[in-house]
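Chains as they are written, first to last, in this note's numbering: chain A, 1 to 391; chain B, 392 to 710; chain C, 711 to 1042.
Treat the hints with care, as some may be off.
Under the rule of at most 16 Å between Cα atoms (straight-line distance), these lysine to aspartate or glutamate pairs were calculated in the EDC-like manner [unchecked claim]:
1. 918(C) - 929(C)
2. 626(B) - 826(C)
3. 833(C) - 621(B)
4. 403(B) - 228(A)
5. 801(C) - 520(B)
6. 35(A) - 826(C)
Just so you know, the hints here were simulated from the structure itself, not pulled from any lab data.
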Amino acid sequence: MKHTEKDRPARETRLEKALTPKRSRLEEFWVLFRKNRLAIAGLIIFILFFATALAGLFLTSGQNPVFDPAQIRLQEKLRPPMARANLDSLHPAEVPRLGIYIFGTDDLGRDVFARMLQGSWVSLTVGFVAVGISVFIGIFMGGIAGYFGQVLLKIDHILVSGLMVAGIAFMVTDWVLPGILLFILTAVLILYTVRLKNIAKNHARPAEFSFLEINAFSVDTLIMRIVDIMICFPSFFLILTVVALLPASIYNIMIVIGLTSWMGATRFVRAEFLSLREQDFVAAARALGVGNLRIIFRHMMPNAIAPVLVSATIGIASAILTEAGLSFLGFGVPPPHATWGNIISDGKRFIFDAPWLTFIPGISILIVVLSFNLFGEGLRDALNPKLRERH
Amino acid sequence: MLSFIGRSFVQKTITLIFVSIVSFLIIHLAPGKPSQVDPLNPKFTPEMVERFRQAFHLDKPLHVQYVYFYRDLFTGRTVSWKDNQSVLAKIWERFLNSLPLFIVGTILTWTLSFPAGIRSAIYRGGLYDRTTTFLSYLLISIPGFFFAYILIILVVTRFQVPVIGMETFGVANAAWPNVIMDRIWHLLLPSVLGATGGIAVLSRYVRSQMLEVEGQDYVRTARAKGLPPDQVHYKHALRNALLPFVTMFGLILPGLIGGSVIIESIFSWPGMGRMAYEAILARDYPVILTVNFFSAVLVLMGTFISDLMYMLVDPRIRL
Amino acid sequence: MEYNDHPLISVQDLKIYFQGDFETARAVDGVSFEVRPEEMVCLVGESGCGKTVTALSLLGLISIPPGRIGGGKILFKGENLLDLSESDFQKIRGNHIAMVFQEPLTSLNPVFTIEDQIGEAIKIHKHIDGEPLRERCIQLLQDVGIPSAADRLNDYPHQLSGGQRQRVMIAMALACDPELIIADEPTTALDVTVQAQILLLFRSLQKKRAMSVLYITHDLGVVANIAHRVYVMYAGVIVEHGKTGHIFGKAQHPYTQGLLASLPTRSKRGKRLYSIPGSVPNPALKPTGCPFHPRCPYAIEHCRSQFPELCDYGDGHLARCPVLFRHKQETG
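So that you can see chain A by itself, here it is in the shape it has in the complex (with noise of 0.2 Å):
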């Protein structure tokens, strides 16, 4: 009584179509992350925080605004949290939009709640902007390193590349017509050489010259010395020194911040671009002729993206309390302008007759960065196989 050939393949539809995966990676990804509450909670608060922002942004800008948080009323000084406004000692205009105080004035007279409403679209672009340049410029970077890293430099390229930095150099202190004459020079040789590359290889280099050739080192060893030299700056003096030398804007507080933190997500997204170049997909993609940049931005990117997303979530969080301290310490943007670290600089003197100057600005901080630390510390648990319970 065995079973003939015949019966096979419809019976072998009928079971292969039950083992097709119910749920997509999306979907398993987001039951994970459901269960872990604090992170969930963190999610909830982030929203409430963008759209806390973004209403901020609309309600105080403008001639004319809904919250008006510049407008100083010295004899309103100092009221706590939902004090009534006096309306006899004020203008018309003067008086605040609900008739109360809702966090109360500062020593200005200013309505507090107004100032945290305009400090918050502050502090989540400064967040959001400097998180994106550092990854930008860390995935960049992590991934050529990562994926071109065994490309070896020769020394013709490092003297080329030299000089041409060097005339940059030159431009920019006081050398200025060596350094222009270097650069053009050096560009001319580099243009020159790419468009006659053809014929530059069935030349061989005379004996004198063979030194050029050597190979010096690999852009994985230069990109990671790169890295090696700004982290031998410490971090917040960096930014101190570039903030207080440079202009105070919130742009150059943003982009600063941004281009001292990308070395983290460098390494991260070069550790996993090292490990996935080995897997066969990738064998597979280069095998069918698969362009190196399509490989790179289809193929690995997704998979690498993991830790890099965790290290942004987390990023964002410590940026704003970079741009908090730097308030703080009197470089972040400049007055009138109200960021919830200058709210608390400006409240220090009163820190024991009005204490809600510290403590309202300094718990919505907290209480940001909390969430975004917690959804960050989720996605790196829901996305990493390692930390999940064992069976």
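Chains B and C: place on chain A using the hints.
Then chains B and C, alone, in the frame of chain A:
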């Protein structure tokens, strides 16, 4: 082993040279001149400005300035532009002030993080774990200056304890036990503050390392051999989980020259952080560059020590 | 070969479930087997049939959330292991029952020497230390066939080859002279030539030390070589068991028959190799009735609704297929 040391030394020296160049460029390329040399500064007559410029070679091209500066640095002649004191002497004095903060902070961080993290990992999901996890998140997220003020308010109003500065004014004339107690009180709050962030981060990391190791096959083997739980956790798991931390130990070194600007500002503690901050504001280039240089040296030494210790501790690595 | 009537270890109707987010995975669903003294028993099945979970449960190594014991007994020398406290269980692990795991590289602690890891169990259970301990370790390494045993003592796991590491694991298991060794696919991670050596090692050790071995594998070739008796497991239940000769000569369960039919042998040369259609079911979504019926060529309506009982073919050979049993009875 020797070749590793040799190679490392050469690489790190090259890195150091590049760091010195980059920091030099950053300082000098930033807009704005040092206040002393600013022709717009009303305190200086044009002749004084010119003399100043000549004395500090500011009229020469950048690379010449670079050579002069580092020559002076290595011969100990660098002088601050703000108050004409020797930079090395200034740094040393501030360093001695920052040192107790650093030592107490580091001891607190490392002795508290490990038990907390290990216990959290072994009893994962339990009350201890959930509580310490939440506390850690809280500590990581709280802005330093905010937390500082909360603590100050608490300590000053509840315990009537002085906290600002390194010692109470005039206490030097009191009996020496009082002086010591006074010093300790002043030291307490800033170092605790400095340590809290570190404890939060480190204990989370310890926990996650421990968890990862506890999930490994060899821990299961240890249990299958009938070893008591203490041996399983503290002999088999911990020894492997600690490996990355041994290397982190070397990275404490750069903290010596750090020193949080914010904490020192709040507590008026005359330490390295504030000195660097004031130097930045005054564009006191020699001080800034020297501090930067030493910080880079410490970072490189720290990474070197880390690599060395990793080699010593992990039998799988023999370079 | 005459056996004692008192089995060394007797598993009765063991059920182990794992609680997932939405469903319960019934990894071990009413398994009964026994190992007698000085016997080599093989537990055979594909990946996912529950054999590793069964093995781990014999040493109490299942993590209790998310796993839980759904019922049954594990009687070791008359005592129910499931009733034991953790500290009592520790006295049995490594001492009376020992285990050899599948992956020797990850199962050995990378930062301790061989001597340390082998000697640990002896120190704890037999309270031997110092020079006698060292000599015992050397003796064990020699027993498992590691050359220059005394030199190997101070090596670390990464300094040995895969085969040597597995021998070290076996030495670790033998250290306290256990009555029962459980080997969970010990050769799966090794090269074929090394596999043969380790198999022979198990066989000779079993005879020399007069101990019992529960050998878990998915490789029927291995089974034929060394086992006295075989248990075939599928989807968390035992579907057939008996003496090796019976199982290989006249298997009476469609699953066993399918496994045997898919072995490449000389007689099948040039012909299309048979494979059982379909796949092992998800332990959380098992079919009703007989777990094998969706893939079974002999399945009838009855198989879908009724969980089959074991049918006795005599001389210790039982199989869980009433359809084939009735067929056999009718045709004689």
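The hints, checked one at a time:
1. For the hint linking residue 918(C) to residue 929(C), the alpha-carbon distance of about 24 Å lies beyond 16 Å, and the restraint is violated.
2. Distance hint between residue 626(B) and residue 826(C) is fulfilled; the C-alpha atoms sit about 11 Å from each other, no more than 16 Å.
3. A C-alpha spacing of about 15 Å is found between residue 833(C) and residue 621(B), which places the hinted pair at or below 16 Å, so the restraint holds.
4. For a cut-off of 16 Å, the pair hint linking residue 403(B) to residue 228(A) stands: about 9 Å separates their Cα positions.
5. Between the alpha carbons of residue 801(C) and residue 520(B) the distance comes to roughly 30 Å, so the proposed pair goes past 16 Å and is violated.
6. Straight-line distance between C-alpha atoms of residue 35(A) and residue 826(C) comes to about 41 Å, which puts the hinted pair past the 16 Å bound.
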